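Dock chain B with the ligands against the given chain A, drawing on the hints supplied.
Protein chains in written order, with our numbering: chain A, 5 to 493; chain B, 73 to 494.
Treat the hints as calculated values from the structure; they're not laboratory data.
This structure is a prediction, so every number in the text was calculated from the model and none was measured.
Glycine is no exception: its CB is placed at the ideal position from the N, C-alpha and C atoms.
Treat the hints with care, as some may be off.
Claimed, not checked - For the chain B half of the interface with chain A, some residues (derived, Cβ under 10 angstroms), not all of them:
#  : residue
1  : 178
2  : 180
3  : 184
4  : 201
5  : 203
6  : 204
7  : 212
8  : 227
9  : 252
10 : 256
11 : 292
12 : 323
To be verified - Here are the simulated lysine-lysine pairs, DSS-like style, with alpha carbons at most 30 angstroms apart:
#  : chain 1 : residue 1 : chain 2 : residue 2
13 : B       : 304       : A       : 293
14 : B       : 175       : A       : 391
15 : A       : 325       : A       : 6
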Amino acid sequence: MKKFDVVIIGGGVVGCAIARELSRYNLKIALVEKETELGSGTSKANTGLVHSGVNVDNTTLKGRLNLQANPLFDRLTFELNIPFVRNGSLVIAQNREDRQALLRDLDEARKNGVKDVRWLSREELLGKEPAINPDSLGAIYAPSGGIICPFEYTLALGQNAHKNGVVFFLGNRVLKILQEKDRVLGVETERGRLIAPYVVNAAGVFADEFDSAVDVPGIKTRRGQYLVYDRDYPVQINNTIFPRPTEVSKGIIVTPTVHGNLMIGPNAEEVEGKDSLETTAAGINEVIKGAQKLVPDIDTSAVIRMFSGLRAVASSDFVIKSTKKPRGLVLAAGIQSPGLTAAPVIGKLVVELIEELGLGLSPKSSFQAERPSPIRVGDLDYEERAKLVEKDNNYGQVVCRCEGITRGEIRDAILAPLGAVTIDGIKRRTRAASGRCQSGFCGPRLVELLKEFASISPLEATLRGGASRILKYRSKELLFKAGEKVEDL
Amino acid sequence: MKTYEIDVLVVGGGPAGLGAAIKARENGARKVLVLERDFEPGGILNQCIHNGFGLQYFSAELTGTEYAGRFIRRAGQTGVEIQTDTMVLDVKPSREVITSSAKYGLQRFQAKSIVLAMGCRERTRDAIQIYGSRPSGIFTAGTAQRFTNIEGFIPGRQVVVLGSGDIGLIMARRMKLEGCEVQGVYELLPYTNGLSRNVVQCLNDFSIPLYLQQTVTSIYGGERIAGVTTQKVDKKQNPLPGTEEYVPCDTLLLSVGLIPENELSRKAGVRIDSRTGGPLVDQNRMTTVPGIFACGNVVQVHDLADDVTVESEIAGLAAAGFAEEEPPGKKARVLVGNGLRYVVPQEIELSRNREEPLLLFMRAELPRRKVNIVISQGGMEKLKFPQPFIKPGEIIALSVTSEMLGELEIDQDIELKVEGGG
Ligand SMILES: Cc1cc2nc3c(=O)[nH]c(=O)nc-3n(C[C@H](O)[C@H](O)[C@H](O)COP(=O)(O)OP(=O)(O)OC[C@H]3O[C@@H](n4cnc5c(N)ncnc54)[C@H](O)[C@@H]3O)c2cc1C
Ligand SMILES: Cc1cc2nc3c(=O)[nH]c(=O)nc-3n(C[C@H](O)[C@H](O)[C@H](O)COP(=O)(O)OP(=O)(O)OC[C@H]3O[C@@H](n4cnc5c(N)ncnc54)[C@H](O)[C@@H]3O)c2cc1C
Numbered sequence: 005m006k007k008f009d010v011v012i013i014g015g016g017v018v019g020c021a022i023a024r025e026l027s028r029y030n031l032k033i034a035l036v037e038k039e040t041e042l043g044s045g046t047s048k049a050n051t052g053l054v055h056s057g058v059n060v061d062n063t064t065l066k067g068r069l070n071l072q073a074n075p076l077f078d079r080l081t082f083e084l085n086i087p088f089v090r091n092g093s094l095v096i097a098q099n100r101e102d103r104q105a106l107l108r109d110l111d112e113a114r115k116n117g118v119k120d121v122r123w124l125s126r127e128e129l130l131g132k133e134p135a136i137n138p139d140s141l142g143a144i145y146a147p148s149g150g151i152i153c154p155f156e157y158t159l160a161l162g163q164n165a166h167k168n169g170v171v172f173f174l175g176n177r178v179l180k181i182l183q184e185k186d187r188v189l190g191v192e193t194e195r196g197r198l199i200a201p202y203v204v205n206a207a208g209v210f211a212d213e214f215d216s217a218v219d220v221p222g223i224k225t226r227r228g229q230y231l232v233y234d235r236d237y238p239v240q241i242n243n244t245i246f247p248r249p250t251e252v253s254k255g256i257i258v259t260p261t262v263h264g265n266l267m268i269g270p271n272a273e274e275v276e277g278k279d280s281l282e283t284t285a286a287g288i289n290e291v292i293k294g295a296q297k298l299v300p301d302i303d304t305s306a307v308i309r310m311f312s313g314l315r316a317v318a319s320s321d322f323v324i325k326s327t328k329k330p331r332g333l334v335l336a337a338g339i340q341s342p343g344l345t346a347a348p349v350i351g352k353l354v355v356e357l358i359e360e361l362g363l364g365l366s367p368k369s370s371f372q373a374e375r376p377s378p379i380r381v382g383d384l385d386y387e388e389r390a391k392l393v394e395k396d397n398n399y400g401q402v403v404c405r406c407e408g409i410t411r412g413e414i415r416d417a418i419l420a421p422l423g424a425v426t427i428d429g430i431k432r433r434t435r436a437a438s439g440r441c442q443s444g445f446c447g448p449r450l451v452e453l454l455k456e457f458a459s460i461s462p463l464e465a466t467l468r469g470g471a472s473r474i475l476k477y478r479s480k481e482l483l484f485k486a487g488e489k490v491e492d493l
Numbered sequence: 073m074k075t076y077e078i079d080v081l082v083v084g085g086g087p088a089g090l091g092a093a094i095k096a097r098e099n100g101a102r103k104v105l106v107l108e109r110d111f112e113p114g115g116i117l118n119q120c121i122h123n124g125f126g127l128q129y130f131s132a133e134l135t136g137t138e139y140a141g142r143f144i145r146r147a148g149q150t151g152v153e154i155q156t157d158t159m160v161l162d163v164k165p166s167r168e169v170i171t172s173s174a175k176y177g178l179q180r181f182q183a184k185s186i187v188l189a190m191g192c193r194e195r196t197r198d199a200i201q202i203y204g205s206r207p208s209g210i211f212t213a214g215t216a217q218r219f220t221n222i223e224g225f226i227p228g229r230q231v232v233v234l235g236s237g238d239i240g241l242i243m244a245r246r247m248k249l250e251g252c253e254v255q256g257v258y259e260l261l262p263y264t265n266g267l268s269r270n271v272v273q274c275l276n277d278f279s280i281p282l283y284l285q286q287t288v289t290s291i292y293g294g295e296r297i298a299g300v301t302t303q304k305v306d307k308k309q310n311p312l313p314g315t316e317e318y319v320p321c322d323t324l325l326l327s328v329g330l331i332p333e334n335e336l337s338r339k340a341g342v343r344i345d346s347r348t349g350g351p352l353v354d355q356n357r358m359t360t361v362p363g364i365f366a367c368g369n370v371v372q373v374h375d376l377a378d379d380v381t382v383e384s385e386i387a388g389l390a391a392a393g394f395a396e397e398e399p400p401g402k403k404a405r406v407l408v409g410n411g412l413r414y415v416v417p418q419e420i421e422l423s424r425n426r427e428e429p430l431l432l433f434m435r436a437e438l439p440r441r442k443v444n445i446v447i448s449q450g451g452m453e454k455l456k457f458p459q460p461f462i463k464p465g466e467i468i469a470l471s472v473t474s475e476m477l478g479e480l481e482i483d484q485d486i487e488l489k490v491e492g493g494g
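The following block holds chain A by itself, in its conformation from the complex:
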């Protein structure tokens, strides 16, 4: 039986941010994630925006946390060595009604302290972003809006927490929150019990699924679909372009990603089921139409990827609190948008809640805030690159030809702490297979590299864990077994 001070359920951005904040103190902490890779839930499939705080309601928790969190990102991303750009956000007035409402929102944003926020006239707007619909009447401009790679961000939080002593249990599902006499005892997992007086539920859309977790509101899922474009797509914008938000969402957005691809989405649709990650004709068409209102030239000629993500909706706000019954349980649930932005502050808030419950906190002198940057060969100039390859020739061999990712980078992604064990894991860490051929060329090589560096045989290699195997049989296997029923593994 393993004993900890705190067990965190869920290795999304929220769970990982909480783990990192807790790892600043002398505590024994465990994080349990059901998938084999961190960030496999909502944290991998979203818009990747660090919201400026324009259009937030500061009477809500999510609004306040957004406002507090945005200014922290320069330092955080520096410490974690992850790409982050304050590319600016523009909320477009498409008609006079929008304009009136947005001018009010601008006042509000100023009062809320959104940095350098201002109004752009139509001319200023089109000067800044020539691809925008010329019928637009102006926009709120918030230079502090930013873009981030949501996966690398989640992973880096996790890796930094790991370095500071948090124990990670990956590919292990929490079945139950254990309690006795209204006190939390720990969790029951697929692979045994973890004992701890404090448990944090950061299980995303699944946060309402633990037998004994009382006080957790039922979670609904609201899906959003996206399209990502080739980096060479001629329609280009620099800022993140928003329409005026609706009651339920910030609307369909046009944005560059931190890796330089144009991305559009998401729509917002209630769906049944916590794995309803399909894309649909209706949803994708809605996204394209929505995006075209902002940037009319957008079409589908250079789409390289469609995907969707699920917002966990518990109420209209985040649910971050300790439960009365059982004592010792802290919820970080219903973390819908802007959860990616708010995560670092959610982490701090959860630490405070645990402290209030009675856990003594003493800062750990050995805490290291930095997570070293992985080597990114593409960021080097040719001379630097030549030197690197001289030192380690694995960085000379290009495996993914679309994104130019080398064998060395893929090796590092696999061998790093909390390393990649799936094809998607390699892809999210390195961008190999995320380019225009979508693994057509490098897929077979990635399978080989998983074997070489993670000892995962090709027949066991998966896209993203579970039954998502890439290859099912050896060649000739079905012929030798002709007539017999071949067992599906």
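Quick look at chain B with the ligands alone, frame taken from chain A:
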């Protein structure tokens, strides 16, 4: 980083690159170097273990690997240097080339002329927007071919093939030969996209059903693909509501088009023809950047390796003879008229090479019987080539002899179009 001087530098070691290199070497180029990203030269042919190669060029029926093998041997005999495990990162208009390799580190080359021969890549699920979930088990046909023929694994046992391109047809048969159940080949258009011989030899001979004017509109399955929805389409290729059918499968292979791989060509500053997706070339396969040539699938997606070889020899010969000092002659444009999708080359210098026949490659827009391909200048019909049958899936190659060339005005654009037929 050291700089190496090269006479003819070839990017890509597939049949196009090898053919061009050998021809250049045979025609006086002293230092000829082929740079290949993979561990072996041969390009896509290394995974083509089926036969049907070389019928035209060698008058012999070879497998793809045998076909490539002949060129690899000849490259050795003629003194062509091949450097494998070497990715070309950058080609500059000044003909400077930067490469990266585990074996050789980073290298810089300065070439007198360059031949681009990077081949093509396959169109993906997202490029054609098939909706649904995102499970494993979805492959482009070429990737599945590599897994099956080179790595020794088969992706699954119950297979749906979308698209009737040649690779799809060949892989349908290959899966059947491996003991898989092939549910069928689904094609959006009313006709197949592959060679007629592949439809016969790969589908008919193996009783694999072909469903024309049908497509896959959605994908199901959480972790591994469990099935697809197929739907009939109308004349405008829109899915017809009410025709949905669920077809179970654990593998979906896509053969929905090839796209010339021109990222390097763009870096080199060569103009791309939006019709072919490849560099705009003249009859010597010179691109719009002097001294940079291109051939093979990077220029246009070929059906037959034999045609690739013919084209590569044109490029190799011209690359060997390229001299910067010589001012370029005046070029006439080759215009694409009715009934054709594209013509290669897109420009010709009619004053040059008049003793050699001029080869024109083109694709038809639609299948038609008993047509004439007409070459005209300034609205005047000049030459006529009768064709018993044309279809988009089979390249039409016309050889314009030197006598015929005499009929043409030297400075005027020529136009090609399809006339007559049904
Ligand atoms: C379409 C969309 C767009 C968005 N865009 C933005 C944006 O631009 N900016 C922004 O700030 N926010 C955005 N968000 C919100 C943001 O993505 C989420 O708030 C955030 O990712 C939630 O993180 P999480 O850790 O709570 O959830 P998740 O990432 O889902 O993590 C929960 C984890 O718990 C694990 N888990 C579940 N059950 C168990 C169990 N029983 N045992 C063990 N592990 C378990 C899951 O596998 C999962 O990894 C967007 C959300 C969506 C859906
Ligand atoms: C699956 C398949 C089946 C086919 N079946 C037949 C058939 O039955 N009969 C027939 O006659 N023809 C067939 N063909 C057609 C024929 O094989 C191709 O037309 C021919 O291989 C194209 O030759 P290529 O040299 O242009 O391209 P490729 O063979 O693709 O070679 C291009 C080479 O360039 C290399 N390269 C690309 N980028 C770089 C870079 N940046 N640096 C270094 N190297 C690079 C690649 O690694 C590759 O080796 C088939 C083609 C395919 C794809």
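Do the hints match the structure? See the list:
no. : hint               : verdict
1   : 178                : holds, 4 angstroms
2   : 180                : holds, 8 angstroms
3   : 184                : violated, 22 angstroms
4   : 201                : holds, 7 angstroms
5   : 203                : holds, 5 angstroms
6   : 204                : holds, 5 angstroms
7   : 212                : holds, 5 angstroms
8   : 227                : holds, 6 angstroms
9   : 252                : holds, 6 angstroms
10  : 256                : violated, 19 angstroms
11  : 292                : holds, 8 angstroms
12  : 323                : holds, 8 angstroms
13  : 304(B) with 293(A) : holds, 25 angstroms
14  : 175(B) with 391(A) : holds, 14 angstroms
15  : 325(A) with 6(A)   : holds, 26 angstroms
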